[in-house]
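Q: If you're matching them up, the sequences are chains A and B in order.
In terms of our numbering, the first sequence opens at residue 661 and continues consecutively.
In terms of our numbering, the second sequence opens at residue 2 and continues consecutively.
Be aware that one or more of the hints could be misleading.
As the list claims (entries may be wrong) - In silico DSS-like pairs for lysine-lysine, Cα to Cα no more than 25 Å straight-line:
no., chain 1, residue 1, chain 2, residue 2
1, B, K128, A, K685
2, B, K214, B, K234
3, B, K178, B, K128
4, B, K212, B, K178
5, A, K675, B, K214
6, A, K675, B, K128
Claimed, not checked - Now the in silico label distances, taken between C-beta atoms and shown as ranges:
no., chain 1, residue 1, chain 2, residue 2, range
7, A, I804, B, K128, 22 to 30 Å
8, B, R11, A, R932, 15 to 23 Å
9, A, R932, B, N149, 50 to 58 Å
10, A, M844, B, P86, 27 to 35 Å
11, A, T921, B, I64, 31 to 39 Å
12, B, N104, A, G703, 26 to 34 Å
13, A, R932, B, G63, 24 to 32 Å
14, A, R932, B, S56, 44 to 52 Å
15, A, I671, B, K234, 36 to 44 Å
16, B, N20, A, D754, 27 to 35 Å
17, B, P86, A, S900, 40 to 48 Å
18, B, D107, A, V724, 38 to 46 Å
To be verified - From the structure, some residues in chain B lie toward chain A, with a derived Cβ separation under 7 Å:
no., residue
19, L49
20, T52
21, P65
22, A67
23, Y77
24, E80
25, H83
26, W91
27, I95
28, L100
29, Y106
30, D107
31, A108
32, I109
33, K128
34, G235
By construction, these hints were calculated from the structure, which means they are not laboratory data.
Positions of the beta carbon are idealized from the N, C-alpha and C atoms, including for glycine.
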Amino acid sequence: MKIPKTHSPIIKIAKYTLTDEVRQKSFIVMFIICALFIFLIRGCYQGNFIVNGQALDAEAVIRVMSKVTFHFIAVGVMFLAALLSMRVFRRDRDDGTQSCILSKPITRGQYVAGKIIGLWALSIIFMFILHGIVFIITSINLQIIMPEYLLASLICSFNLLFVIVTVLLLSLLMPDIVAFLCVMGIGIIGSVADGIFAISNSQMAQTIIPPSSTLSGLTGWKAAYYLWPKLLSTQQFAASLIGREGFPELGSMYPIINVFTYSLILGILLFRRFRNENII
Amino acid sequence: MIELNVATKRYGSLVAVDNVSFTVEAGEYFALLGPNGAGKTTIVRMLLNFTKPTSGSLSINGIPCANAASRAAIGYLAENNHIPPYLTGWQYLIRCAELLDINRYDAINQCKRVVGLIGMHGREDTKVNTYSKGMIQRFGIGAALIGNPNLLILDEPTAGLDPIGIREIRQLLESLKDQGLTIFLNSHLLSEVEKICDNAAIINRGRLLVKDKISAIVKDGETLEDVFVRLVKG
Numbered sequence: 661m662k663i664p665k666t667h668s669p670i671i672k673i674a675k676y677t678l679t680d681e682v683r684q685k686s687f688i689v690m691f692i693i694c695a696l697f698i699f700l701i702r703g704c705y706q707g708n709f710i711v712n713g714q715a716l717d718a719e720a721v722i723r724v725m726s727k728v729t730f731h732f733i734a735v736g737v738m739f740l741a742a743l744l745s746m747r748v749f750r751r752d753r754d755d756g757t758q759s760c761i762l763s764k765p766i767t768r769g770q771y772v773a774g775k776i777i778g779l780w781a782l783s784i785i786f787m788f789i790l791h792g793i794v795f796i797i798t799s800i801n802l803q804i805i806m807p808e809y810l811l812a813s814l815i816c817s818f819n820l821l822f823v824i825v826t827v828l829l830l831s832l833l834m835p836d837i838v839a840f841l842c843v844m845g846i847g848i849i850g851s852v853a854d855g856i857f858a859i860s861n862s863q864m865a866q867t868i869i870p871p872s873s874t875l876s877g878l879t880g881w882k883a884a885y886y887l888w889p890k891l892l893s894t895q896q897f898a899a900s901l902i903g904r905e906g907f908p909e910l911g912s913m914y915p916i917i918n919v920f921t922y923s924l925i926l927g928i929l930l931f932r933r934f935r936n937e938n939i940i
Numbered sequence: 002m003i004e005l006n007v008a009t010k011r012y013g014s015l016v017a018v019d020n021v022s023f024t025v026e027a028g029e030y031f032a033l034l035g036p037n038g039a040g041k042t043t044i045v046r047m048l049l050n051f052t053k054p055t056s057g058s059l060s061i062n063g064i065p066c067a068n069a070a071s072r073a074a075i076g077y078l079a080e081n082n083h084i085p086p087y088l089t090g091w092q093y094l095i096r097c098a099e100l101l102d103i104n105r106y107d108a109i110n111q112c113k114r115v116v117g118l119i120g121m122h123g124r125e126d127t128k129v130n131t132y133s134k135g136m137i138q139r140f141g142i143g144a145a146l147i148g149n150p151n152l153l154i155l156d157e158p159t160a161g162l163d164p165i166g167i168r169e170i171r172q173l174l175e176s177l178k179d180q181g182l183t184i185f186l187n188s189h190l191l192s193e194v195e196k197i198c199d200n201a202a203i204i205n206r207g208r209l210l211v212k213d214k215i216s217a218i219v220k221d222g223e224t225l226e227d228v229f230v231r232l233v234k235g
């Protein structure tokens with residue numbers, strides 16, 4: 661199949677982005693540390709846990725452990741994607757890559773699209789490999805193959821897209837480190853809000869605080885809560901697929917739609933902003 | 002080939018380029034001269050659409066510079082040219098060829114030819130971070146020659162080079178004359194320009210002072226430097 665000419669530079673720029681990042685020593689070190697960490701905790705997947713002289717259900721323990729590790733990896737790779745994205749435009753400016761590419765018959769849109777795709781592909785591969793290691797260890801220990809674990813990993817890639825697009829956009833507007841911290845802030849606020857929401861909806865909270873007095877005047881807060889980027893909820897939705905039989909109800913897919921919509925809007929803003937950027 | 006039509010660029014209250022109009026014909030060796038901060042690099046950046054003009058228009062081969070197609074047959078060497086330090090010179094040239102959609106076989110052939118042309122045979126497989134400034138400039142010019150462009154835009158190609166490096170680059174540019182290229186040279190090294198170029202424009206504070214053949218600008222008993230100083234100092 662012949663690749664259309666419009667897509668060809670995008671794919672090449674994506675390829676260069678990916679290979680240039682992999683060449684960085686810091687990336688290699690981070691990858692080795694993450695892979696080693698996953699290997700070192702492989703003992704947790706043995707399932708031979710005894711509490712008060714009673715052996716626990718090995719399968720249940722392994723499932724819980726694999727879910728916990730799943731969340732750790734997903735959050736860790738989001739952090740890494742933000743770190744990689746925050747310096748991409750600056751590095752391209754400094755090492756002449758940006759002026760080299762844009763002095764060719766390549767549009768700014770193609771350049772930005774190539775950068776996003778390259779970073780996204782790299783982050784997905786990174787996360788998929790780490791999740792894949794856990795998947796293999798779990799499959800060997802449980803002697804059950806859980807393909808939904810890998811599906812869940814792919815669902816988390818929506819979060820990575822959000823992080824990459826947001827950091828790239830913000831890095832055009834503010835110092836790189838501030839852009840990175842802003843995106844971390846979005847993630848942390850979302851997680852705290854999810855926690856508060858979960859607690860306020862718990863049975864215990866409903867008992868302590870009468871329903872009539874709660875949230876009636878807080879519709880604005882509720883709206884803000886639902887509209888806030890749902891990074892953790894997307895991750896929880898993905899994790900909920902692990903061990904589940906059948907497809908979840910459509911309503912529970914709201915976090916994915918939320919994150920994808922944000923990625924789309926911020927992506928459009930990024931393309932518009934970069935179109936007016938002065939190339940140095 | 003290149004046309005600037007009342008091009009103006011303002012940065013806030015600063016007018017970097019002020020209603021500049023001129024044309025550069027195919028096959029010309031053209032120099033844009035001016036003191037530091039005169040607006041030379043801004044004109045180059047507008048030609049490459051790195052920055053947009055506040056008013057006026059610029060075109061290359063009749064295509065507005067805002068259109069990426071206008072850069073289809075351009076080779077460009079940036080002022081203070083940089084090359085990713087983790088690449089080898091060869092990888093950099095191949096990358097430039099791939100970005101121009103040149104197939105692998107032609108890319109290799111073109112890169113081999115260019116390596117010979119810039120006199121870097123035997124050094125192309127070492128990492129860029131081991132290169133001298135002159136070598137980086139040579140590979141920058143080599144990259145600009147990939148794709149057989151008919152226009153070379155060189156922004157201060159001898160900046161930061163020692164006298165030997167300057168001479169090497171000058172000889173390289175002179176050797177390109179036979180290839181029928183159009184060269185748009187942005188420089189303030191007047192002695193070099195006088196040796197290489199046929200036509201020149203002098204700008205100061207964003208305004209075009211003169212644009213003509215160098216032989217017409219420089220009167221008998223004068224050098225280009227004398228004319229430059231006279232025009233710039235007013």
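Q: If a hint holds in the structure, say so; if it doesn't, say that too.
A: The hints, checked one at a time:
1. K128/B x K685/A: 16 Å, holds
2. K214/B x K234/B: Holds, at about 21 Å.
3. K178/B x K128/B: Distance of about 30 Å is beyond 25 Å: violated.
4. K212/B x K178/B: Measuring from Cα to Cα gives roughly 21 Å; hence the hint holds.
5. K675/A x K214/B: The hint is violated at about 46 Å.
6. K675/A x K128/B: 20 Å, holds
7. I804/A x K128/B: 22 to 30 Å: 49 Å, violated
8. R11/B x R932/A: 15 to 23 Å: 22 Å, holds
9. R932/A x N149/B: 50 to 58 Å: Given about 35 Å between the Cβ atoms, the range is violated.
10. M844/A x P86/B: 27 to 35 Å: With a Cβ separation near 30 Å, M844/A and P86/B satisfy 27 to 35 Å, so the hint holds.
11. T921/A x I64/B: 31 to 39 Å: The hint (31 to 39 Å, Cβ to Cβ) holds, given that T921/A and I64/B are roughly 37 Å apart.
12. N104/B x G703/A: 26 to 34 Å: 52 Å, violated
13. R932/A x G63/B: 24 to 32 Å: 28 Å, holds
14. R932/A x S56/B: 44 to 52 Å: Cβ of R932/A to Cβ of S56/B: about 22 Å, so the range 44 to 52 Å is violated.
15. I671/A x K234/B: 36 to 44 Å: 53 Å, violated
16. N20/B x D754/A: 27 to 35 Å: 34 Å, holds
17. P86/B x S900/A: 40 to 48 Å: 46 Å, holds
18. D107/B x V724/A: 38 to 46 Å: 58 Å, violated
19. L49: Hint on L49/B: holds, closest Cβ of chain A at ~5 Å, below 7 Å.
20. T52: This hint holds: T52/B lies near chain A, its Cβ roughly 5 Å from the closest one there, short of 7 Å.
21. P65: At 13 Å from the nearest chain A Cβ, P65/B fails the 7 Å test, so the hint is violated.
22. A67: Constraint on A67/B not satisfied, violated at 10 Å.
23. Y77: Given a least distance of 4 Å, the restraint on Y77/B holds.
24. E80: 10 Å, violated
25. H83: 3 Å, holds
26. W91: 15 Å, violated
27. I95: 11 Å, violated
28. L100: Holds, about 5 Å.
29. Y106: 17 Å, violated
30. D107: With a closest approach of 15 Å, the D107/B hint is violated.
31. A108: 12 Å, violated
32. I109: 16 Å, violated
33. K128: 11 Å, violated
34. G235: 30 Å, violated
When held up to the earlier numbered hints, the structure conflicts with 3, 5, 7, 9, 12, 14, 15, 18, 21, 22, 24, 26, 27, 29, 30, 31, 32, 33, 34 and fits the remainder.
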